[in-house]
Structures are given as C-alpha cells and as structure tokens.
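S.K.: Single-letter residue listing:
2 protein chains.
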Amino acid sequence: METTCALSAGLVFGSLAHASTKVPEKWDETCSLLIIGTGFAGLGAALESHYLGMKDILVVDKMPSAGGNSIINGGAIAAAGTDMQEKAGIKDNADLLYSDILKAGGGLAHKELARRIADESVSNYKWLRDEVGVKFKAVTYHGGHSVPRSHAVMENSGAGFINPMLAKCKEFGIKIQLRTIVDDLIVNDKGCVVGVKARINHRFNRPDSGRVVYIRATKGVLIASGGFSQNVKMRTSHDPRLTDAFGSTNHPGATGEMIQEAQALGANTIHMDWIQLGPWTSPDENGFGLAPLAVESMVGYGPMINPTTSKRFIKETGNRKVRADAIVALGKPAIIYTCEANMMNKVVGKNMKPEQFETALKNGVIRKFDDLKSLADFYKLDYSTLEKENEKFNGYMKAMKDPEFDCMFFKDAVLNTKGPFYAIRLWPRVHHTMGGLEINEKAQVLDVKGNPIAGLYAAGEATGGVHGMVRLGTVAVADCIIFGRIAARTANGWAGC
Amino acid sequence: METTCALSAGLVFGSLAHASTKVPEKWDETCSLLIIGTGFAGLGAALESHYLGMKDILVVDKMPSAGGNSIINGGAIAAAGTDMQEKAGIKDNADLLYSDILKAGGGLAHKELARRIADESVSNYKWLRDEVGVKFKAVTYHGGHSVPRSHAVMENSGAGFINPMLAKCKEFGIKIQLRTIVDDLIVNDKGCVVGVKARINHRFNRPDSGRVVYIRATKGVLIASGGFSQNVKMRTSHDPRLTDAFGSTNHPGATGEMIQEAQALGANTIHMDWIQLGPWTSPDENGFGLAPLAVESMVGYGPMINPTTSKRFIKETGNRKVRADAIVALGKPAIIYTCEANMMNKVVGKNMKPEQFETALKNGVIRKFDDLKSLADFYKLDYSTLEKENEKFNGYMKAMKDPEFDCMFFKDAVLNTKGPFYAIRLWPRVHHTMGGLEINEKAQVLDVKGNPIAGLYAAGEATGGVHGMVRLGTVAVADCIIFGRIAARTANGWAGC
Chain A
1 METTCALSAG LVFGSLAHAS TKVPEKWDET CSLLIIGTGF AGLGAALESH
51 YLGMKDILVV DKMPSAGGNS IINGGAIAAA GTDMQEKAGI KDNADLLYSD
101 ILKAGGGLAH KELARRIADE SVSNYKWLRD EVGVKFKAVT YHGGHSVPRS
151 HAVMENSGAG FINPMLAKCK EFGIKIQLRT IVDDLIVNDK GCVVGVKARI
201 NHRFNRPDSG RVVYIRATKG VLIASGGFSQ NVKMRTSHDP RLTDAFGSTN
251 HPGATGEMIQ EAQALGANTI HMDWIQLGPW TSPDENGFGL APLAVESMVG
301 YGPMINPTTS KRFIKETGNR KVRADAIVAL GKPAIIYTCE ANMMNKVVGK
351 NMKPEQFETA LKNGVIRKFD DLKSLADFYK LDYSTLEKEN EKFNGYMKAM
401 KDPEFDCMFF KDAVLNTKGP FYAIRLWPRV HHTMGGLEIN EKAQVLDVKG
451 NPIAGLYAAG EATGGVHGMV RLGTVAVADC IIFGRIAART ANGWAGC
Chain B
1 METTCALSAG LVFGSLAHAS TKVPEKWDET CSLLIIGTGF AGLGAALESH
51 YLGMKDILVV DKMPSAGGNS IINGGAIAAA GTDMQEKAGI KDNADLLYSD
101 ILKAGGGLAH KELARRIADE SVSNYKWLRD EVGVKFKAVT YHGGHSVPRS
151 HAVMENSGAG FINPMLAKCK EFGIKIQLRT IVDDLIVNDK GCVVGVKARI
201 NHRFNRPDSG RVVYIRATKG VLIASGGFSQ NVKMRTSHDP RLTDAFGSTN
251 HPGATGEMIQ EAQALGANTI HMDWIQLGPW TSPDENGFGL APLAVESMVG
301 YGPMINPTTS KRFIKETGNR KVRADAIVAL GKPAIIYTCE ANMMNKVVGK
351 NMKPEQFETA LKNGVIRKFD DLKSLADFYK LDYSTLEKEN EKFNGYMKAM
401 KDPEFDCMFF KDAVLNTKGP FYAIRLWPRV HHTMGGLEIN EKAQVLDVKG
451 NPIAGLYAAG EATGGVHGMV RLGTVAVADC IIFGRIAART ANGWAGC
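Going down the list, the sequences are from chains A and B.
For what it's worth, UniProt numbering labels the leading residue of the first sequence as 1, then goes sequentially.
For what it's worth, UniProt numbering labels the leading residue of the second sequence as 1, then goes sequentially.
Since the hints were made in silico from the structure, they are not lab data.
Be a bit skeptical, because a hint or two may be false.
It does not matter which identical chain is meant; a pair holds if it fits inside one copy or across any two.
To be verified - In silico SDA-like links for lysine to any residue, alpha-carbon gap of 20 Å or less:
| id | residue 1 | residue 2 |
| --- | --- | --- |
| 1 | Lys111 | Phe246 |
| 2 | Lys197 | Ser374 |
| 3 | Lys233 | Gly450 |
| 4 | Lys22 | Lys190 |
| 5 | Lys311 | Asp382 |
| 6 | Lys233 | Asp244 |
| 7 | Lys350 | Lys401 |
Whole structure, please, built from the sequences with the hints as guidance.
M.R.: Take a look at the structure:
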C-alpha cells in the first residue's frame with residue numbers, strides 16, 4: 001500500500017499524491033507551529049504564538065521577499081468603536097460592523113466567522129497599535145460600510161502593518177524563511193497533519209527549483225498563503241469569465257496551491273466562484289497601483305460618469321461588486337472626479353501621500369483640469385450633459401440625499417462648483433478571492449464531511465465563508481490578522497498527536 | 001503505510017480514508033462500467049453502454065426503488081429544433097438553446113459543456129423516442145427559455161422517461177442492483193479508479209446497514225447519484241440560508257455523499273453555492289407536488305400577485321432564480337391565477353393530467369373561484385387594486401408587451417376577463433444543486449489541478465458547471481441523459497489500467 005500511495009501520487013492525482021506522502025524516517029527540521037505565508041494572517045499568527053509563549057515557531061514563504069499580497073494592500077483596517085472614531089464623532093459598534101458584513105455577504109457569510117471579526121475588531125486594532133507598534137493616522141470611509149471605520153496607517157499601504165510586524169518577529173527571534181515552497185502536507189498514522197515536504201532555496205520563476213526538506217510541526221500547520229487571483233486556470237474553472245484578459249491587483253505569488261494541497265487531503269472549499277474585482281483600479285497603470293488610494297476617498301465627493309452617456313450610472317458609495325459589475329457592463333472605463341478642495345481635504349495627505357499624488361499626476365493616473373469643460377473635452381464627454389449631471393449631483397450633496405442612486409454623502413464635502421477638478425479612469429481587476437478552505441471559528445480546516453482536520457489551520461484569503469459574496473474594503477485585513485491570531489491560540493492549545 | 005491509510009481513515013478524515021481504501025485481495029464481483037444511480041444519467045449511461053456493445057454493465061442504487069429523483073421530475077426535456085416544435089410553428093435551433101443556457105448561467109456556465117447539450121439535444125430527443133420508446137405529447141414553455149422547447153411526456157412526470165428506460169435495461173439484461181450503497185472509491189497503484197467498496201442489502205433509514213462487498217469495475221465508475229438538496233449540513237456550508245426551515249422537492253436520497261467521496265480523492269467541486277429554489281411549489285402540499293405541473297404552463301397566461309400589495313411584483317416568465325428570490329423577499333406566498341379557458345387549453349391534459357388536476361382541486365393546491373372578487377376575498381387581497389392589476393395585465397396580454405416587468409406572452413392566451421379563475425399559492429423549496437464535481441466534455445471527473453481522474457466519470461446533478469448560476473427548466477433532463485451517454489462512450493473507449 002505504501003507503493004500504492006506513492007505511485008498513485010505521481011501518475012494521476014497531482015493532488016491525491018500529497019495526501020499520501022508518508023511520514024519520513026528522519027525530519028530535516030522540527031518546529032512548533034509551521035506558518036505558511038508572511039502576510040497579515042501569517043505574521044499575526046506568528047506574533048500571537050510568541051505572546052502565548054510558544055517557542056520554535058517557523059514562518060515560511062515561497063517568495064523571495066516577505067509580506068505576500070498584504071504589503072501592497074491599501075493600508076487600512078476595519079474596526080468598529082475605536083477612540084479614533086469617537087474623536088471624529090463617528091458612532092459605531094460591533095453589531096453594526098457585523099450587520100454590514102452580513103449585508104454585503106448576501107446571505108453566504110458564515111455568521112460565526114463574521115461575528116468573530118466584529119467582536120475582536122477593536123481589541124485587534126489596539127493590539128496592533130500598542131503591542132505591534134502600528135501607526136494609525138486617520139479613519140477613512142470605504143464603500144458598503146455604514147460609517148467610516150477604515151483605520152488608515154501613516155504609510156498608506158499594507159507595509160504600515162507588515163513592517164512593524166516583521167520588526168517584532170525579528171525582535172522576538174521568530175524564524176522567517178523565505179524562498180521555501182511547501183509541496184505536500186504530511187499526515188501521520190493518526191490522521192493528524194504533523195509536517196510538510198518543502199523545497200528551500202526555491203525560485204518563484206523556476207517552479208521545480210529548490211532542495212527538498214521535511215519539516216516537522218509539533219503544533220500543526222497554518223495555511224496563511226493567500227488567495228488565487230493570479231491563478232488563471234483555477235479562477236476560470238470557478239468563473240469562466242475571468243480569463244487572462246483580466247489583470248490582477250495581486251502580487252504574482254497569489255496562486256492558491258496550498259488551497260489545492262488541503263483539498264487533496266479532503267478539505268472542503270466554499271464560495272470559490274465569488275471572485276472580487278477591484279472597482280477602483282485604473283487602466284492607466286498596472287497592478288494595484290495608486291488610483292485605489294484616491295478613489296476610495298473620492299466616492300461620495302464627486303460623481304462617477306459613464307463615458308458613453310456622460311451621465312452617472314451607479315451608487316458611487318455602493319459595494320465593490322455592484323460598482324465593478326456596473327463598470328464592466330459599460331464596456332469601457334468609467335470616470336470619477338472631484339474638485340480640488342475635496343482632493344486636498346480627503347485624499348492627499350490622508351489615504352494618499354503627497355509624493356504618491358505627484359507620481360499619479362505625473363503618470364496620468366490622476367488628471368487635473370482647470371474646469372469641467374476641459375475635463376469633458378479630454379474624455380470626449382458631452383459637456384452640456386455632464387454639466388447638468390454635475391449640478392444635479394451638487395444638489396444631492398447639498399441635500400445629503402441622492403434620490404437617483406442613493407449615494408452616501410459626508411458633512412465635510414465641498415460642492416463641485418468650480419475647478420480645478422481631478423479625475424481618474426476606472427477599470428476593474430481581479431482583486432480578491434472570497435472563497436477558499438472552509439474553517440470553523442477556531443480556524444481549523446474542515447474536511448468535506450464538516451470534521452476538523454487535526455493539526456491543520458487556515459486564515460485569511462486562503463479561507464472562504466468569512467465574507468460571503470462580497471468583501472467590504474479593509475474588513476479582510478481584520479479577517480487575516482484576527483483569524484491568524486485565533487489559529488495561533490488553537491495551535492497553542494493543541495496537544496499534538 | 002497501509003496501516004497509516006487505514007487508521008487515518010477512521011480517526012479524522014471520514015473522507016480522506018476513502019482515497020486510501022486499498023485494492024482488495026479478492027473482488028466479490030466484477031463488472032465493466034459501474035454506474036452509481038438509477039436516474040436519468042445512470043440509465044442513459046447504462047443504455048448507451050449496451051448500444052456500444054459493452055457487456056456486464058452494473059447499475060447500483062442505495063435506494064429500495066429505481067429512478068432516483070428523476071422519476072418524480074416534471075416530465076419534460078429541452079430540445080431545440082425538433083419536428084414537434086416545427087409542427088407547433090416554433091422556430092428554434094441549437095445556438096438559441098446554447099445562448100439561453102449561457103444567459104441563465106450568468107457567465108458561470110462552462111461553455112464547452114453547455115455546447116454539448118445544445119448540440120446533442122435533438123439527437124438525444126430522437127434517441128429517447130425511437131430507441132428507448134419515450135412517448136412525447138406536447139411542447140411546453142418554461143421560464144427563461146426564448147421559445148417553447150420543453151418536450152413533455154404523456155405521463156407528465158419523469159416516470160415517462162424512467163419507466164421505458166428501465167424496461168429497456170430489463171430487455172437488454174442490464175443488471176440493476178438496488179439497496180446497494182457505495183462507501184469508497186478504490187484506486188489502484190497506477191492511480192486509476194478500478195472499483196468500489198459497497199454495502200448490499202442496505203436500508204436507507206439505517207445508515208450502517210448492509211453487507212460489505214468489493215466490486216471491480218474494469219471500465220471505471222460513473223457517479224450519477226444526483227445532487228445534495230436533502231443534505232442540510234452540506235447545503236448550509238455552501239449557503240447558510242438554506243437551513244432545515246426550507247423544505248426540498250427532492251427524493252430523500254438526494255444527499256450528495258458520492259460528491260464527497262470523489263472530493264476525498266482530490267476531485268474538484270465548482271459552483272456549490274448555487275442552489276436552486278423551485279419557485280413553483282405550493283405551501284399547500286409537500287415535496288415537489290402537483291402545483292409545478294400547472295404553474296410552469298400558467299406563467300404568461302395570468303398575473304403573479306404579491307399578497308401584501310395585491311399587485312404584480314415580478315416577470316412571471318422570468319427564470320427560476322429571479323422568481324424564487326422575489327417570492328422569498330415577499331416573506332409570504334405569492335398567488336398566480338388564470339381563467340378557465342387558459343387552464344383547460346394549456347394545463348389540464350397537457351402538463352397536468354385531468355386526474356392530477358382533480359386531486360389538486362380536492363386538496364386545495366389549486367383553488368377555483370367564480371370571479372375575481374371571491375378570489376380577492378379568499379386571499380385577503382384588496383379587490384379594487386387587484387381588479388386594476390388584472391385589467392392592466394389583460395392590456396399587456398392583448399398588446400403582447402409588458403412595459404412593467406417584461407413578461408412574455410403567447411398568441412393562444414385568452415384574456416382574464418371573466419371567471420371562473422384558478423389560483424395557486426407559491427412558496428419556494430430547495431430543488432436543484434447547480435454545483436458539483438468539475439468534469440470535462442468527456443464527462444471525466446477533474447482533480448483540483450484540472451487533470452482527469454482515470455476511471456472516474458460523473459454526469460447529471462452530481463456535476464457542476466453545466467448550467468452555471470441558474471438552470472433553465474427541463475435543461476437538466478437533457479444534461480443528465482446526454483452526459484450519462486457521453487460518460488458511457490468515454491468508458492467504452494478507455495482501455496482500463
């Protein structure tokens with residue numbers, strides 16, 4: 001049977017194979033909790049493990065640099081009921097965040113998972129600020145939320161979380177081993193995940209590269225390796241529309257193979273066909289880019305225009321899916337703009353650093369126009385139509401009510417009556433895979449029958465069910481860190497086997 | 001490692017275990033193609049296998065009677081471009097069916113699978129009529145289709161397909177073994193599925209009952225065991241809304257365990273969260289019931305009313321999801337009605353047998369009212385509002401155009417000007433699981449990496465991707481039989497290993 005398992009591996013089941021990798025005679029290395037991934041979830045788990053008193057934690061990442069996709073994230077985390085919100089006069093609480101998550105989730109979110117995020121969002125924010133040393137700057141608003149609750153960091157990027165987390169890992173002597181790709185999860189004779197078969201000195205652009213090592217993990221293995229936005233084959237099997245004609249905002253390593261490894265062990269996946277397009281990326285730059293930093297603070301401060309009709313077409317503050325689907329349906333990039341006052345008050349120096357703003361202007365990602373006429377002319381819009389739309393929108397802003405598309409408005413908004421105006425073109429990119437491994441509220445991976453797989457945990461974008469159909473901006477950062485920390489607690493409490 | 005596999009089985013991976021069931025020293029029985037399930041897909045495969053000259057085909061079913069969920073199906077199959085349609089003056093073709101499937105699928109349907117159904121629908125209809133002896137009666141219309149193309153059988157039920165198929169199996173000496181449940185798929189040392197571990201003399205209401213037997217399958221195993229509408233745990237992990245508060249139209253055996261067995265081998269599942277609610281079931285009866293037989297022929301012939309507003313609320317001829325979601329959103333059962341002329345011309349003696357109509361009237365599933373006033377009074381509707389809605393609807397019927405909800409109309413419809421009227425209350429039930437095992441156009445099951453699993457096929461509701469988000473009425477019958485037959489061809493062409 002040993003041969004059986006081994007052989008069946010290679011020949012047909014690229015995946016089944018892994019379920020059959022036998023416990024080696026000799027392990028090359030032994031750690032307590034093995035964490036796969038150096039993003040929010042992985043580093044959150046690593047630090048929590050340390051605070052819990054665990055030793056010999058090992059964090060591995062297949063990429064040559066740490067931070068995964070998190071380090072290029074927008075740089076804000078959802079928290080409901082913080083001191084920063086209170087200072088800004090924002091009333092918020094866990095129940096409101098919970099209901100916003102469920103509403104965006106369209107009924108698919110697993111309530112017990114959403115509840116954990118809502119309940120731990122404030123303590124998690126404090127932990128990041130007081131224990132990890134994350135520097136928060138401002139509370140910003142993201143589409144789909146009932147109130148502004150996205151806590152932006154000084155750096156205006158995920159690096160504002162990742163760098164302090166990495167610094168703490170270094171301070172605590174937590175071993176982070178890059179260019180180490182996990183090929184198989186190893187199951188012992190009691191059916192527990194006890195380690196992995198991996199390759200060290202791996203090069204991402206050379207799939208077969210690296211030297212095989214067997215790493216034992218006495219406290220189990222945490223899959224914190226992110227989603228599969230960059231795996232075109234995987235994403236098109238779940239959503240045939242998302243061919244390579246669509247770009248992705250993600251780092252190249254977001255290829256989802258650890259989800260597949262776990263599936264090969266009999267792990268269940270859910271909501272895999274809910275793949276989120278970012279509605280705020282610009283066709284005038286690549287990857288995640290700078291546009292999103294500005295756009296999420298522009299919604300509600302200026303209209304979003306259909307280039308064909310020169311009219312508004314969607315609730316600017318609607319959730320990501322609503323906006324992305326609407327823009328894709330237009331067939332060409334939409335245009336959002338606002339006046340200089342709003343740009344300077346709400347974007348520059350807030351979610352977007354002045355130097356990032358300058359770069360965006362220089363690269364034509366953000367364009368400045370002296371007046372509405374020149375904006376209309378540049379984008380080939382019908383000026384008189386646009387002018388009417390602009391006046392209508394100003395009226396709605398003033399009344400704080402939009403009878404047409406129910407856009408949300410903010411007290412500090414300045415009416416778009418006079419230039420200069422700043423405009424951005426919008427075309428969606430594959431941004432986040434909502435689905436993934438099914439977990440319980442202890443971050444244990446569940447098999448196809450709903451039973452926890454001993455010694456196997458998952459957190460962050462590699463999991464499904466936390467958000468349901470649609471993920472609200474900055475909630476995933478909370479998801480990753482909170483469930484990464486939960487996984488550490490579960491592993492710490494596991495006797496092993 | 002043998003012990004490893006065996007042990008790991010019981011302890012944690014209820015599922016992983018099965019991937020590890022070793023090839024037995026001695027098989028209790030050997031067949032060519034082992035078919036799991038006696039519904040449309042299973043019997044279609046069995047008959048096709050026979051016509052291809054295969055011997056020793058074995059069909060097993062865990063239930064005490066044959067026909068699975070298919071035998072209680074509505075009794076009509078989609079085909080585009082048949083002689084019956086031509087006689088009825090209906091212009092139709094494969095491309096139109098294909099585009100209807102893709103449209104309802106909302107972009108998620110796997111085009112190569114939908115194409116096979118569209119291309120083979122007519123030849124499949126002829127095969128059923130000429131080879132199998134299915135008796136077709138009328139071409140009916142189902143919501144979401146561009147034209148009437150649902151070919152109803154004399155029996156007005158799936159039995160009209162299943163019984164002649166069973167008779168042919170008997171005539172050909174194809175062995176059908178009931179009360180035989182498959183527990184494990186067995187993989188040989190080359191990674192091919194070569195048989196199963198099953199239990200004979202199983203009793204569905206006694207999960208552990210039956211005697212274990214090992215059945216060898218030299219041509220592989222076909223999973224034709226249907227969906228998981230009756231598995232509340234499984235459906236709520238993919239859609240938490242569908243708790244046991246929702247009934248199901250399916251037979252009790254629709255519990256999806258063979259999908260899980262295949263997952264445990266590393267098979268991929270797709271679209272599992274697209275679970276279809278039947279919009280045409282009545283709260284005044286259980287299961288699938290009689291209401292659907294009438295309702296699908298009433299849409300377009302009378303308005304569907306919101307009991308709270310006494311007004312129309314949805315496109316009556318819209319697809320199943322649109323209608324079901326709209327009714328669920330009402331929070332209470334909707335009402336559809338039409339006048340006697342339409343009832344007698346389009347329903348009674350067509351999709352619904354006279355005796356079924358009598359039964360429905362006797363049980364209060366269909367209610368007869370002399371005039372609109374008494375209908376309004378019985379359902380506590382506001383009569384004057386209903387009267388206006390009725391007049392408006394008559395106007396749309398006459399104009400063959402509905403500016404409000406874009407309902408589709410038919411030339412032979414009689415205006416609902418005078419009673420008696422026949423009405424039905426509507427409340428959805430879990431009807432079909434769109435998702436399932438990912439297959440290629442040869443009906444081979446694909447693993448998580450997209451590679452075919454040698455010797456493992458799947459067809460019908462156990463598979464995903466054929467329909468995408470929404471399944472159009474009677475297309476699944478074509479899906480089951482066409483892909484069951486395709487699986488037989490693939491198995492026949494497989495040398496085994």
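S.K.: Could you tell me which of the hints above the structure violates, numbers in ascending order?
M.R.: Per hint list: 2 and 7 violated.
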